[in-house]
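Below are the chains, spelled out letter by letter.
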Amino acid sequence: MKILIVDDSMLCRKMVKAYMKEALPSAQYITAANGIEGLQLYESEAPDFLILDLLMPGMNGLEMLSNIKAQNPAVKAMVLTADVQKSTREEVEQIGVLKIFSKPFTREHAAEIADLITD
Amino acid sequence: MFTNEQKDALQEYMNIFNGQAASLLSELLNKKIELHITELKLFKIGEKESAQQVDNGFPALFSGNIVSSSISFGDKFSGKAQLIFPVETSKELVRLCLNEESGNEALAHGGLTDTDYDALKEVGNIILNSIIGGFGNLLSMPLQFELPEVNVLTSFNPTAALSNQEDEQFILVFLNTFSVQDTLIEGAIVVVLSINSITMLLNKIDEVLIEIDIEE
Chain A
1 MKILIVDDSM LCRKMVKAYM KEALPSAQYI TAANGIEGLQ LYESEAPDFL
51 ILDLLMPGMN GLEMLSNIKA QNPAVKAMVL TADVQKSTRE EVEQIGVLKI
101 FSKPFTREHA AEIADLITD
Chain B
120 MFTNEQKDAL QEYMNIFNGQ AASLLSELLN KKIELHITEL KLFKIGEKES
170 AQQVDNGFPA LFSGNIVSSS ISFGDKFSGK AQLIFPVETS KELVRLCLNE
220 ESGNEALAHG GLTDTDYDAL KEVGNIILNS IIGGFGNLLS MPLQFELPEV
270 NVLTSFNPTA ALSNQEDEQF ILVFLNTFSV QDTLIEGAIV VVLSINSITM
320 LLNKIDEVLI EIDIEE
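Chains A and B are the protein sequences, given in the same order. First residue of the first sequence? That's 1 in the working numbering, and the numbers climb one at a time after it. First residue of the second sequence? That's 120 in the working numbering, and the numbers climb one at a time after it.
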């Protein structure tokens, strides 16, 4: 199983990868620092799941996800964001994701993602 | 003093605290807030620098008069947090808070009415409490807050925010832009920390970085 992590913060990418490796050591993790790089990696690596941030320079998470959804409406994505507004949550839910998590990322989030993925 | 990883981590934590502030502000305004990319700048003020040198070396944050809403906090982790906006931007923000059409009357205090002051005090309280409270949560430490103060200044003077009791202090400038409906709001959050406080913050960030120290 391959999981693509997309976040412009190095701290966040490392944190997600470290905690996910503890929760789901069998998966392979790849990372991207923005939406454009994430989209390129999605196309070249065909990951099974995406964990992505929303606010990123260049191409943001919503734009990246919309692009991917246009190619593959069944893509399985989870959003990790510091923007905890209800309206943002509703906007993301409309595009269609498995789950939205509020930052900071925690081990509890990682365990929940592992459960979601392996169910 | 800061490594790239420490700066990235500090910026990410500030983004998280800012996101929480935006959510609360969105509830107050009953409007969606569109967050934009932020920028964090760090300045060390040494004991040998004069106030004049510091002020001359500090970038001009905004031109014209600015409104500053500030809260001092302490005690082990102590400093002063300021939210600053150009006066015109602060009036737009007040208009959005009060759900008013643009063009309301400009009165005393650099064009701000008492109602404007009150609204800006509330906005400052929400945003700065999220930032200071975020630091407290990160450090697992309760922080004492003072009441917010709102002032109109002719320009931002960093040395005015410094404490005279400290020889060396750090200034964190978090440039923060967001949109409410079609109105662009440009502001900055300026946090002045003592050498002890910045050391505590960096030690905590290092703990986190060590815990997740893996190759990407």
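Accuracy of the hints is not assured; some may be wrong.
Short, incomplete list of chain B residues facing chain A, as computed with Cβ under 7 Å [stated by the list, open to error]:
id: 1; residue: D127
id: 2; residue: E131
id: 3; residue: T273
id: 4; residue: N276
id: 5; residue: I331
id: 6; residue: I333
Please keep in mind that the hints were generated in silico from the structure rather than gathered at the bench. The beta-carbon is built from N, C-alpha and C at its ideal position, and this holds for glycine as well.
Going through the hints against the structure:
For B/D127, the suggested interface contact is upheld, since its CB lies about 5 Å from the closest CB of chain A, less than 7 Å. Because the closest C-beta pair between B/E131 and chain A is about 4 Å apart, less than 7 Å, the hint holds. Taken as an interface hint, B/T273 does not check out: its beta carbon lies about 33 Å from the nearest beta carbon of chain A, beyond 7 Å. A least Cβ separation of about 30 Å between B/N276 and chain A goes past the 7 Å threshold, and the interface hint is therefore violated.
Nearest Cβ of chain A to the Cβ of B/I331: about 4 Å, under the 7 Å cut. The hint holds. Contact between B/I333 and chain A, as hinted, is supported at the beta carbon level, the nearest pair being about 5 Å apart and thus within 7 Å.
Hints 3, 4 from the earlier list are contradicted by this structure; the remaining hints agree with it.
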